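There are 4 protein chains.
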Amino acid sequence: MHSDIAQLVSLALYSPKPEESVTFFHDLLGMEISHREGQSVYLRAYEDFYQYTLKITEASQPGMEAVTWRAASPEALAQCVAHIEQTGLGGGWCADDYAHGPAYRFCTPDGHRMQVLWELDYFDAPPDLKSKLRSRPSKRPLRGVPVRRLDHVNLMAGDVPANRAFMQEVLGFKLREQKIGEGGAEVGAWLSVSALVHELALMRDASGARGRFHHVAYWYGAPQHLLDIADIFSDYGVRIEGGPAKHGTSQAYFLYCFEPGGNRVELFGDTGYLIFDPDWQTVVWNVANEGDLEKSSIWFGGALPKSFYRYGTPVVGGHSLEDIGR
Amino acid sequence: MHSDIAQLVSLALYSPKPEESVTFFHDLLGMEISHREGQSVYLRAYEDFYQYTLKITEASQPGMEAVTWRAASPEALAQCVAHIEQTGLGGGWCADDYAHGPAYRFCTPDGHRMQVLWELDYFDAPPDLKSKLRSRPSKRPLRGVPVRRLDHVNLMAGDVPANRAFMQEVLGFKLREQKIGEGGAEVGAWLSVSALVHELALMRDASGARGRFHHVAYWYGAPQHLLDIADIFSDYGVRIEGGPAKHGTSQAYFLYCFEPGGNRVELFGDTGYLIFDPDWQTVVWNVANEGDLEKSSIWFGGALPKSFYRYGTPVVGGHSLEDIGR
Amino acid sequence: MHSDIAQLVSLALYSPKPEESVTFFHDLLGMEISHREGQSVYLRAYEDFYQYTLKITEASQPGMEAVTWRAASPEALAQCVAHIEQTGLGGGWCADDYAHGPAYRFCTPDGHRMQVLWELDYFDAPPDLKSKLRSRPSKRPLRGVPVRRLDHVNLMAGDVPANRAFMQEVLGFKLREQKIGEGGAEVGAWLSVSALVHELALMRDASGARGRFHHVAYWYGAPQHLLDIADIFSDYGVRIEGGPAKHGTSQAYFLYCFEPGGNRVELFGDTGYLIFDPDWQTVVWNVANEGDLEKSSIWFGGALPKSFYRYGTPVVGGHSLEDIGR
Amino acid sequence: MHSDIAQLVSLALYSPKPEESVTFFHDLLGMEISHREGQSVYLRAYEDFYQYTLKITEASQPGMEAVTWRAASPEALAQCVAHIEQTGLGGGWCADDYAHGPAYRFCTPDGHRMQVLWELDYFDAPPDLKSKLRSRPSKRPLRGVPVRRLDHVNLMAGDVPANRAFMQEVLGFKLREQKIGEGGAEVGAWLSVSALVHELALMRDASGARGRFHHVAYWYGAPQHLLDIADIFSDYGVRIEGGPAKHGTSQAYFLYCFEPGGNRVELFGDTGYLIFDPDWQTVVWNVANEGDLEKSSIWFGGALPKSFYRYGTPVVGGHSLEDIGR
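Protein chains in written order, with the working numbering: chain A, 86 to 411; chain B, 86 to 411; chain C, 86 to 411; chain D, 86 to 411.
A hint or two may mislead.
Identical copies carry no separate label here, and so any pair may be met within one copy or between two of them.
With a straight-line Cα cutoff of 27 Å, these simulated DSS-like cross-link-like pairs (lysine-lysine) come out [what the hints assert, rightly or not]:
| hint | residue 1 | residue 2 |
| --- | --- | --- |
| 1 | 102 | 259 |
| 2 | 380 | 391 |
| 3 | 391 | 102 |
Worth flagging that the hints you see were computed from the coordinates, not collected in a lab.
In this text, all values refer to a predicted model and were calculated from it rather than measured experimentally.
The task is simple: from the sequences and hints, build the whole structure.
In structure tokens:
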């Protein structure tokens with residue numbers, strides 16, 4: 086059965102240091118600024134087809150404003166909205182936002198704000214940005230180590246099973262990989278509506294907080310680019326949390342860092358593996374099996390620090406990067 | 086609208102030098118031999134989930150025996166068969182073949198043999214081949230530069246529009262990219278049922294022959310591996326036809342070579358770009374536009390030789406590699 | 086016996102489009118501008134230790150002004166000058182140039198202008214360019230795909246053996262690789278004073294001209310960067326002459342392009358192989374041996390066009406890129 | 086002043102599990118077995134020019150038997166021997182060993198056994214191993230992720246300054262990089278006789294033992310190969326100690342692992358930077374400077390575990406891998 090959702094469209098983040106955040110995405114990750122409006126800046130990677138995939142808005146705390154999905158068709162959008170309304174988690178239609186048509190708002194059980202839409206604006210390159218590579222919506226930028234496209238979002242949840250089930254049952258996501266912790270508790274879920282292993286991951290939030298943001302991932306497609314951006318991060322003082330290394334879940338080469346506003350950003354160095362099997366059986370990593378705990382996060386490369394499992398945005402008391410330590 | 090087809094399952098090739106062909110795929114491309122039966126050998130890449138993706142059968146001429154697709158569900162299979170039967174191109178159900186359940190046979194308008202099925206055998210690794218990487222169906226081999234999975238098939242067709250329309254209208258493929266040649270003739274079509282740009286490409290066969298095979302592609306996922314296998318091909322006397330270079334269509338890094346039986350094989354060094362947009366508009370390359378002819382085949386890297394546009398298997402009179410020259 | 090020469094220091098080029106040339110090296114190859122003086126601009130790569138490695142001076146024709154070598158010590162400089170003076174090719178000491186101490190000028194038998202010095206200025210990074218990587222003289226730039234250091238120079242010569250012998254006998258270079266063409270004529274020589282296969286290559290100039298420049302090479306050290314810069318060149322309209330591909334001679338991954346002034350530039354994607362053997366026997370490629378002609382230039386990757394063997398700067402009548410064709 | 090030593094020739098190791106050690110180097114690192122004699126096996130990488138670069142001999146404990154250097158010429162050998170004899174550390178000439186001519190034995194002040202020679206056997210490939218790439222002494226192997234050549238050796242020393250001074254003053258090595266620890270003590274030295282940053286590194290041995298072995302490094306030249314071999318190590322149960330990551334000292338991409346006999350092996354993914362400056366000033370990393378402690382070992386990538394600083398071979402009481410922990 087196919088999902089009513091077709092793809093991840095964009096992510097809206099809050100930053101207490103918006104200009105520094107924009108400089109990070111523009112100068113180091115080579116993203117283009119599409120638009121500025123009020124306290125918000127809209128950006129896209131050079132192979133993102135839509136007008137923007139990242140919105141950064143000034144706020145006192147970092148964190149996620151909302152994640153936007155595109156439905157598979159106008160009919161799928163209507164059907165999707167009907168399913169959400171039955172759950173009581175719907176938030177009604179919102180007026181058009183920049184470059185987005187009518188969008189229906191809702192929350193996950195954990196309280197993450199999301200919206201789904203059909204209509205939206207495609208990026209139409211001005212002559213100086215137009216590429217002769219016809220599937221490339223704008224020229225490869227000459228800044229930093231430019232990311233190619235938005236890949237996925239990872240959210241922390243107080244109750245992984247409930248939120249995972251909502252994404253599956255209401256929105257039609259498929260559970261691709263799953264992580265089982267001590268006592269059999271589900272502590273991680275990787276969900277997708279496409280051949281990707283995930284457009285959305287859910288991780289248990291041990292802090293007791295709800296609705297927090299773990300990271301957004303942009304995609305390179307060549308492992309060397311993780312080495313390149315890590316080199317730049319080290320030279321320009323950006324804090325690397327983990328990697329470059331290779332994940333067990335998703336198999337992808339990754340790097341985690343923090344943008345100046347305090348949100349975690351992941352860079353993906355390749356595609357990992359893709360899922361085409363229509364009868365896919367969820368890959369389960371269980372801490373009860375020898376090696377699974379370590380290998381699911383890190384197939385090889387340096388271990389992830391404690392902060393990876395405890396730090397999210399907004400920051401909650403006693404769980405800042407300094408509190409957690411390395 | 087979703088396709089009844091979910092994915093490319095396997096390819097069956099003929100080879101006049103079967104043992105040399107098997108050695109090529111086993112020793113240089115690191116594929117595993119799953120089975121031998123009669124005049125046939127069955128192989129898989131180490132991240133292919135099914136029992137095999139390549140069948141090589143001894144024959145006097147190289148060429149393609151058949152391509153096998155998997156339906157999206159048992160219901161989709163039934164619906165797919167019904168659609169095919171309406172075209173008069175159906176060939177009926179065939180008895181089970183090795184590792185494949187009941188399959189419905191049909192031909193494209195050009196005469197390429199295909200089949201579609203739902204049931205098939207998954208590869209279940211013996212202990213010594215089992216990987217601790219749970220999404221990896223068998224350990225990474227220690228031979229050659231091992232390919233990871235089957236990617237796509239490219240077929241030559243006397244009439245590209247008719248065959249492309251058959252794949253779209255009867256089987257539900259989407260037209261992702263298209264190449265328009267002199268006089269407005271459609272000379273190439275890239276079709277898919279997933280986020281990949283193509284599981285199937287069609288190229289005009291100028292020889293007047295019908296139903297010929299152009300190439301099968303296996304996937305690496307890291308561009309360096311194309312450099313590695315090219316180094317090995319040069320050292321071991323395998324003829325490289327083109328690349329390593331980067332395609333315009335699909336954006337992927339590629340290498341073309343010939344296996345000892347005479348069939349063309351492509352290696353894919355990365356994923357190129359992926360398509361998640363549910364409202365994708367076909368990317369059109371038109372020879373009438375400056376730069377499109379060259380850039381569609383080769384975004385950068387050495388030009389493709391004449392053989393690329395004229396040589397297919399089975400070989401037809403006056404179109405052998407020697408006849409065509411470089 | 087050790088050479089009096091220790092290393093290649095810098096190259097001075099002429100350009101009829103100096104600002105466009107500087108933009109090419111600065112924006113696409115990420116080089117830093119060290120200085121501007123008169124009609125000249127001085128640049129360096131971010132891991133070049135000296136004040137500059139490339140000087141670009143406005144002139145009506147592209148071509149090479151001079152190549153500068155550093156002696157192994159003050160004593161070696163004196164000895165080197167004595168050797169040159171015996172040949173009658175010496176040109177005397179010249180007044181200090183920017184960032185270079187006293188230099189002794191000379192010509193090769195073919196007329197290429199060279200100079201040798203001991204004293205020169207090191208680059209001392211201002212605080213904002215200082216790297217925490219202590220062997221890196223300045224931070225990795227955020228522009229284009231930044232080259233790391235100057236690698237080598239390739240000169241065309243009417244008489245390869247005479248010029249090669251001069252470099253060996255007078256300056257102490259070692260002959261690392263050699264190419265023998267039709268009739269046993271020496272058509273190429275790769276010479277070095279270090280573990281590199283060459284700091285200087287000589288190629289036969291079939292045009293009848295003397296003292297011409299073939300190319301200068303800057304070094305990346307990671308093969309992926311050749312794919313990256315080729316992608317940028319294709320997007321920004323820079324003409325690629327050959328590659329990315331792998332040389333037989335030197336084994337290095339390479340790319341050839343033309344800077345806007347018309348001079349050929351090579352990018353080196355790795356180190357190739359290094360020579361530590363104190364008793365190295367010259368590697369000889371002889372067109373009389375099967376495969377040597379092709380494999381010496383291109384171990385794998387697309388063939389080099391005719392222009393590679395005929396075009397040099399300054400351009401001579403009938404040998405422009407347009408005249409030669411592809 | 087040039088060194089009497091030209092290059093590192095070979096390393097002889099002890100292994101309590103010689104057949105497993107040989108399988109590791111042959112199957113996973115793709116090395117060729119040149120010879121077997123007594124309890125010893127001799128191996129070489131496919132771009133090692135000499136008959137062997139690694140000798141593995143059965144013994145009850147892992148550790149280093151000896152390291153062999155080649156002099157720059159027969160005259161340099163004589164001069165080198167004269168210098169050593171003056172120190173009282175000379176051990177006399179030894180009878181020819183396999184593929185090595187007359188060699189003069191000596192010890193470092195710490196007791197590491199070394200020898201220096203001029204005459205030795207080059208590898209002469211049999212027809213089936215001969216490469217058409219004329220600078221490649223044998224075809225690229227089809228096993229594992231084959232290393233290309235021996236790169237360097239790292240030894241632990243109770244007294245780094247004394248041993249470093251011996252290598253400089255007696256053998257003519259240059260001090261390229263240096264690490265200063267707490268209280269101003271010299272804890273690491275990187276020494277070379279060529280453009281490489283080191284053929285020999287010395288690290289302080291905090292265990293109180295003398296003359297121990299830290300690691301031998303083989304070279305790939307392409308960063309992706311570290312990711313490839315790490316993938317294989319994870320699949321085949323080889324313990325990775327650190328990396329893939331990038332060193333501060335030498336700038337090279339690296340991976341540390343343990344061969345089955347217990348000796349540490351490093352793989353080098355690129356060349357790092359090369360030193361051509363004849364007046365090179367030692368790069369000093371001082372723990373007293375902020376960031377130097379961390380950045381000198383790891384420019385980026387996961388931290389090195391305690392074992393890296395404490396484990397060497399032979400193993401001394403209380404310093405086994407199990408004792409040290411992670």
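Report task. Since the copies are identical, ignore which copy is meant and state whether residue 102 and residue 259 lie within 27 Å (CA to CA) inside a copy, between copies, both or neither. Result -> neither (36 Å within a copy, 44 Å between copies)
When no copy is named, should residue 380 and residue 391 be tagged within, between, both, or neither for a Cα gap of at most 27 Å? both (16 Å within a copy, 21 Å between copies)
Intra/inter-copy verdict for residue 391 and residue 102 if alpha-carbon distance must be at most 27 Å: Cα proximity of residue 391 and residue 102: one copy only (25 Å, versus 37 Å across).
Checked against the numbered hints above, the structure violates only hint 1.
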